[in-house]
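*Asks:* Below are the chains, spelled out letter by letter.
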Amino acid sequence: MSGQERHVVVVGAGPAGLAAARAAADAGARVTVLDAADVLGGQYWRHLPDERPAGREHLLHHKWDTYRALSDALRAHPAVTVVPTAQVWSLEQVSSPGLVSSSGRRDGVRLNVLVGEPDAAGRAARTFEPDALVLATGAHDRTLPFPGWQLPGVYSAGAAQALAKGERVAVGRRVVVAGAGPFLLPVASSLLRTGATVLGVHEASRTGSLARGWLDRPWELAGAVGKAGELAGYVGELVRHRVPWRPGEAVVAAHGDGQVEAVTVARLDARWAPVPGTERQVEADAVAVSHGFTPRLELAIAAGCALTASRFVIVDDTQATSVPGVWAAGEITGIGGADAALAEGAVAGAAAAGGDLGAGAAPRAIRSRDRARGFAARIEAAHGIRGGWVRWLRDDTVVCRCEETTYGRVREVVELTGSHETRSVKLTSRAGLGPCQARMCGRTLQDLLDDGGTGVDRRPIVVPVRLGDLAATPTSSTHTASQPQET
Amino acid sequence: MTSRRIPAAADPVRPGPDRPLTIWVDGEPVTGTAGQTIAGVLLGAGRRQWRSTGQSGAPRGVFCGIGVCFDCVVEVNGLRDVRACLRRAQDGDVVAPQGGPFGEPGAGRSDEHDGPEVAR
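Protein sequence lines correspond, in order, to chains E and Y.
Take the first sequence: its letter number 100 is residue 99 in numbering that gives the first Met the number 0, and every next letter is one higher.
Take the second sequence: its letter number 34 is residue 33 in numbering that gives the first Met the number 0, and every next letter is one higher.
Treat the hints with caution; some may be incorrect.
Restraint-style ranges between C-beta atoms, simulated for each label pair [what the hints assert, rightly or not]: (1) R13(Y) <-> T277(E): 39 to 45 Å; (2) E50(E) <-> G99(Y): 31 to 37 Å; (3) A380(E) <-> R13(Y): 39 to 45 Å.
Hint data in this document are derived by calculation from the structure and do not stem from the laboratory.
Predicted model only: the values in this text are computed from it and were never measured.
Cβ coordinates follow ideal geometry from the N, Cα and C atoms, glycine included.
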């Protein structure tokens, strides 16, 4: 810790994290940005790496100029250190006499980090004990299971997007896009720009919910005109390419011998249950599916941050969490999109740096944050998962991709044990015990069991770590890490 | 071929010129370009499955594409449990499809490594 300077660590280099880092540096803090990837931008601004610099990268992005401005500013700022390929694998709450506050002493956090190529052995172990922490860890797709979703050729919508943007790889020639939410539109756009034929975009929500979510209190949308314009641009592109956008429909099965050759599309009722007799088969070699997003809450939970009932990090007007010294921004506080994330990050960074929120760029950031705030609620109202989807499951449908636990097995375990507690059903059925640590199926299991707890989001070890690297870790935390996984 | 890499010359995004690299998969050369991940090289060459599941032996490749689902893990230069969607390919990488459970020593692994046993 050097002198009076406040050290702010930002975890995550997507829109929220980049905005936070810049605001914190502008407010006078020393800033360290940690991100698991080797390029900045997060999933939103996933782009070609330095080895393949694109002449017209902006074609694939919304607000690419904002990304360039933020990343250039951070690289040029003498008080900012960006640590790429930095995987935070655990967060400990520590009592640090060195961290002096008005009370003379307060508790802090320690981040345990491995730096180096993903999953390599012998990565460099580093720890950080910042004065202030900004969590901007983002979210990943949530895909509901359906028969055949484990076949090669079925991708999360985020994967189709990441491969298109970060690799210039088309996941298929004839691609079906399905699921729920505005994210399906940019995914279809990215696929079109790989030269793929997009056979249709099937949005599970019906026009009734869409209208209620998006047209309720329309005067509030005036403030989010940038977002509306972005979505309108995608819709125009679908029209130009004659891609049908079909509300109230879902891919309810994928078929093929060893890989996807066709899908079944069906109409859904308002509860997302397939309407019998409406099924039709579509020949396709790839499917991109996403039903929303799951916030990456591991570090926030490890820090002790309070969550809302719908399991997002609770923040106040300054983006402060319930834990002193910890701020949060972006999708972990609500799925509100990049505009909200940028504004929240700017507020969080300035606040974490101890800056004056009434001066400089902060008031403007607060105003745009407040304008963007309603967006997450609208997305949830219009596109939120409805319980009828379980009707497209069959007993042999894989629910847990890692352990290949089927829906029938989960039901059998519930009948045998009489338990609706996710933890006990996981231990008996093995669902959720694989390497993804229930990231893919945890919330699905909870929905199937009607269990609303936060247990499935609790992962003291944020990502699997090689034991050899733990032994080399310069902290006393090895015993925590080698415990069996908390379920 | 279902999945494929867009030829640089035909790409409206105009990525930098290809700098070809070769990785070896089951003894066969697979060509990609510098900056791609191992998953990107494989998918770009039309390969979309490279792992068999531990339980049923079912084929798997990329699902989430961002390092979350662990469906795409491969053995790279003798080290198991590497997420192909995150690891940048290096010219000459030897990639072996990985069967069996995640986080356990592989049959062909070298004991000189710290060991692929994994805590989670």
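*Asks:* Now tell me if each hint is right for this structure.
*Replies:* Hints versus structure:
1. R13(Y) <-> T277(E): 39 to 45 Å: Once the Cβ atoms are compared, 43 Å apart, the range 39 to 45 Å for T277(E) and R13(Y) holds.
2. E50(E) <-> G99(Y): 31 to 37 Å: Check passed, 33 Å falls within 31 to 37 Å.
3. A380(E) <-> R13(Y): 39 to 45 Å: Cβ of A380(E) to Cβ of R13(Y): about 40 Å, so the range 39 to 45 Å holds.
In terms of the numbered hints stated before, the structure departs from none.
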